[in-house]
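Visitor: So the protein lines, in turn, are chains A and B. Counting from 1, one number per residue, gives the positions in the first sequence under our numbering. Counting from 1001, one number per residue, gives the positions in the second sequence under our numbering.
FYI, nobody ran anything at the bench for these hints, they're computed from the structure. These numbers come from a predicted model, not from an experiment. There could be a bad hint or two in this list.
What the hints assert, rightly or not - Restraint-style ranges between C-beta atoms, simulated for each label pair: (1) A:V204 with B:L1110: 47 to 53 Å; (2) A:V279 with B:G1115: 17 to 23 Å; (3) B:R1083 with A:F21: 44 to 50 Å; (4) A:T275 with B:R1083: 20 to 26 Å; (5) B:I1077 with A:F8: 45 to 51 Å; (6) A:N149 with B:L1194: 22 to 28 Å.
Unchecked claim - Listed next, the in silico SDA-like pairs over lysine to any residue satisfying Cα-Cα at most 25 Å (straight line): (7) B:K1084 with B:K1223; (8) A:K64 with B:A1188; (9) A:K64 with A:T150; (10) B:K1223 with A:F290; (11) A:K64 with B:K1223; (12) B:K1223 with A:G354.
Quick reminder that beta carbons are idealized off the backbone N, C-alpha and C, glycines included.
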Amino acid sequence: MNVIALLFPPLIAAMLVCIPFRRSRAPSVTVVSCLIVLALAARMAWRIAAGGSVTEGLDDGWLKWIAVDGLSALILLLIAFVGTTAAVYSVGYMAHGNLTPGKLRLYHANYNLFIFSMLAIPLLAEPTLVWIVVELTTLCSALLVSFENTREALEAAWKYVVLSLMGAGIALFGFLVLFAAMQAGGGGTYTWAGLITAAPRMPVILLQTAFLLILIGLGTKVGLVPMHTWLPDAHSQAPSPVCALLSGIETTSILYVILRLFPVMQAVPGAHAETWALVLGLISVGTAAFLLLQVSDYKRLFAFSTVEHMGIILTAIGLGASAADYGAMQQIVNHSVTKSFCFYAAGATLLTMGTREIAAVRGLIRRSPHAGAALVFGGLAISGAPPLAIFLSEFAILKAGLARGHYVVTGLLAAFIVIAFFGVMVHVNRMVFGASANAASEQNHSGSEIVGTFRLPFSCRLALILAAVPVLVLGVYIPKPLHDLLTMAAAALTR
Amino acid sequence: MSDTTKQLLENLNALAAGLFLLTAFGIVAMRQARGCLNLFILQSLLLAASAALLGLRFGAHHLYGVALVNLISKPIIVPWLLRKTSPAGIYTRREIDQVLNIPTALLIALALVIGAYFLGVPLANAAGPEFHGPNVPIGIAGLLLGAFTLTVRREAMPLLIGLLAMENGAFLAGISIARDLGMLVELAIATDGLIIVFIMGVLVRAVQKQIGTTAIGELASLKEAVSQPPVSKAMP
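When you get a sec, could you build the whole thing from the sequences and use the hints?
Guide: Listed below in structure tokens is the structure:
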């Protein structure tokens, strides 16, 4: 099978949605293209999990640029899955905004280009080309973040673009230094695999500088503290399906690029990549856990929880045990599916109540049972309540940390996770079950506190159900092919 | 190639790199938006000159390509794209209140350059004996000064120029230490700069239309724990 085929559906869809039909076909085109990508990605992941190769049809010229292993297949699968559910969700969600056909076409064109740029990240093997598609993810999503065109959305988009590109500038220098390190170590092909082979001969100082530059540069886009300041803005101001893409898979696929450097760094004694990951990861988890307590906007709540989860994943990698690596991969999967679900629930809340303020939303479950139930489920799932998916992976990480003897780190991590749990649940609980401020007066008035219920669009409910399936299933059972894929992905993190 | 020619080429390259550093300082300090753009164009020309000289000196022919791409994309296409996308008034804007006054900003910039030397020289030494030229430290300085520009300016145009200047800085170091990167990659990086200009231009236009200013640095309503956050009509 030709892996490059994966990139065509979004590109073609991006062109197709621009055709001005009288009744816009753009939403269905996007859904169909995402479904095709999902089918292709699932087939590819299946084949890789079974120990096969997906690049055998390509000649050497292509293999210089393209490589797919367990780790990339895992990320591809996630992008395809979240991309599909978000596309389904978009159908009903965007129909609520009374958009002009032109604006809707712009949304879907950007959506498909964004998916395209993200799919290219795990497919490409040449680091500088990966850097370019990372840039493209920023640029393709910038207009999606500013889509609502309010003052806040424009501010968020501007911050997003400027800080991400600033980080990208630093990362570019990092990748060039990495190339220089390779040349100084005798050369080789500049791909992820080639880097691992050449790593033992590279000068430590160059390798370390390159790693730090890339960690800081791309860490900006992953949302690691202290480079996270743009993330809660952008991830809360964008339309909800876009938030799901940004938080659920964009951060993860950028983190994937950083993860690719760990096996390279391990080849050189004294390079200390793990220590850096541990420090940055813990700082991110801790800061996000405390910031979660004081948010006033429920989409920002979930955005900060993304910072927290990126920190957890990086900390798990930093623990340096193969069990922790497996836990980190599991956490990547669970975070993506759960966080996208959370943003669908947040979008449903926004459709129901028309405000993003936590203080203004009370008694959601009475106004819209679907949105309320989804928000509670999302809150529980993302903060790691058993028996949902994230509980399992966080538990695996903590267990691996203890087994490895990192008591302080594991203790801190557990404490931060607990704080974040309360941070999320306090807000969610008040929003869903809290008595509204004017409920008492209404009760006297009409004898009922129900102000009228709101019915979510069908596609939104469908997307919520689709996204909830893996959150429920992965908490109790990991299918064999996925387990194989996770094992392969975790193995790709060490030499 | 005789030793004198080699020496001459290296000296010329050092001259171009030195002037590159001066333009980076200029971008930090220049108040007029138009002046910033002109300085950036000059900087790109110097980058092209450095690439061509290094290509000649080390016989790395595809560096001519880098020079050519820089010559075409930055002085010609970037201003054209900006004219197409951003609001007309953007060139004539003059920034009155910067975050720091200009002498302070320049002093900090100077400190950054000294830092860049301490960072860059060991790096260049580790990369190999033929990397002794000024490109690596000055490239890092360009990167840092671009980032510094981003933190002290508020007007859209200087911010955009700051971003592009960062990339120029990374490139100036890159053409010296990563000479054989390959044409495709360099072309892609150059195209990427153009997409940046396009997207930022569109954003600036939207801001201008919505808010009536291009002083984007003054937008600061998104924060934590605001007692009364602005309620936007958040649909869809």
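Visitor: Regarding V204 of chain A and L1110 of chain B, is the given constraint of 47 to 53 Å on their beta-carbon distance met?
Guide: violated (31 Å)
Visitor: Going straight from one Cα to the other, do K64 of chain A and A1188 of chain B come out at no more than 25 Å?
Guide: With a Cα-Cα distance of about 16 Å, the restraint between K64 of chain A and A1188 of chain B holds, given a limit of 25 Å.
Visitor: Given the hint of 45 to 51 Å, check if I1077 of chain B and F8 of chain A actually sit that far apart at their C-beta atoms.
Guide: Violated, since I1077 of chain B and F8 of chain A (Cβ atoms, about 28 Å apart) do not stay within the stated range.
Visitor: Should the hint that V279 of chain A and G1115 of chain B are 17 to 23 Å apart at their CB atoms be regarded as holding?
Guide: holds (22 Å)
Visitor: Mind checking the alpha carbons of K64 of chain A and K1223 of chain B for me, to see if they're no more than 25 Å apart?
Guide: Between K64 of chain A and K1223 of chain B the Cα gap is close to 45 Å, so the pair fails against 25 Å, i.e. violated.
Visitor: Measure nothing beyond the straight line between the CA atoms of K1223 of chain B and G354 of chain A; if it is 25 Å or shorter, mark the hint as holding.
Guide: Given pair K1223 of chain B, G354 of chain A holds - Cα atoms ~20 Å apart, limit 25 Å.
Visitor: Please check whether T275 of chain A and R1083 of chain B have a Cβ separation lying inside 20 to 26 Å.
Guide: violated (49 Å)
Visitor: Verify the CB-CB distance for R1083 of chain B and F21 of chain A against the hinted window 44 to 50 Å.
Guide: At roughly 33 Å between Cβ atoms, F21 of chain A and R1083 of chain B fall outside 44 to 50 Å, so the hint is violated.
Visitor: If you check the beta carbons of N149 of chain A and L1194 of chain B, does the distance land in 22 to 28 Å?
Guide: holds (24 Å)
Visitor: Would the pair K1084 of chain B and K1223 of chain B pass a check requiring their Cα atoms to be no farther apart than 25 Å?
Guide: violated (33 Å)
Visitor: Is the hinted pair K64 of chain A and T150 of chain A satisfied, with a Cα-Cα distance of at most 25 Å?
Guide: violated (44 Å)
Visitor: Is the Cα-Cα distance between K1223 of chain B and F290 of chain A 25 Å or less?
Guide: holds (15 Å)
Hints 1, 3, 4, 5, 7, 9 and 11 from the list above are not met by this structure, while the remaining hints are.
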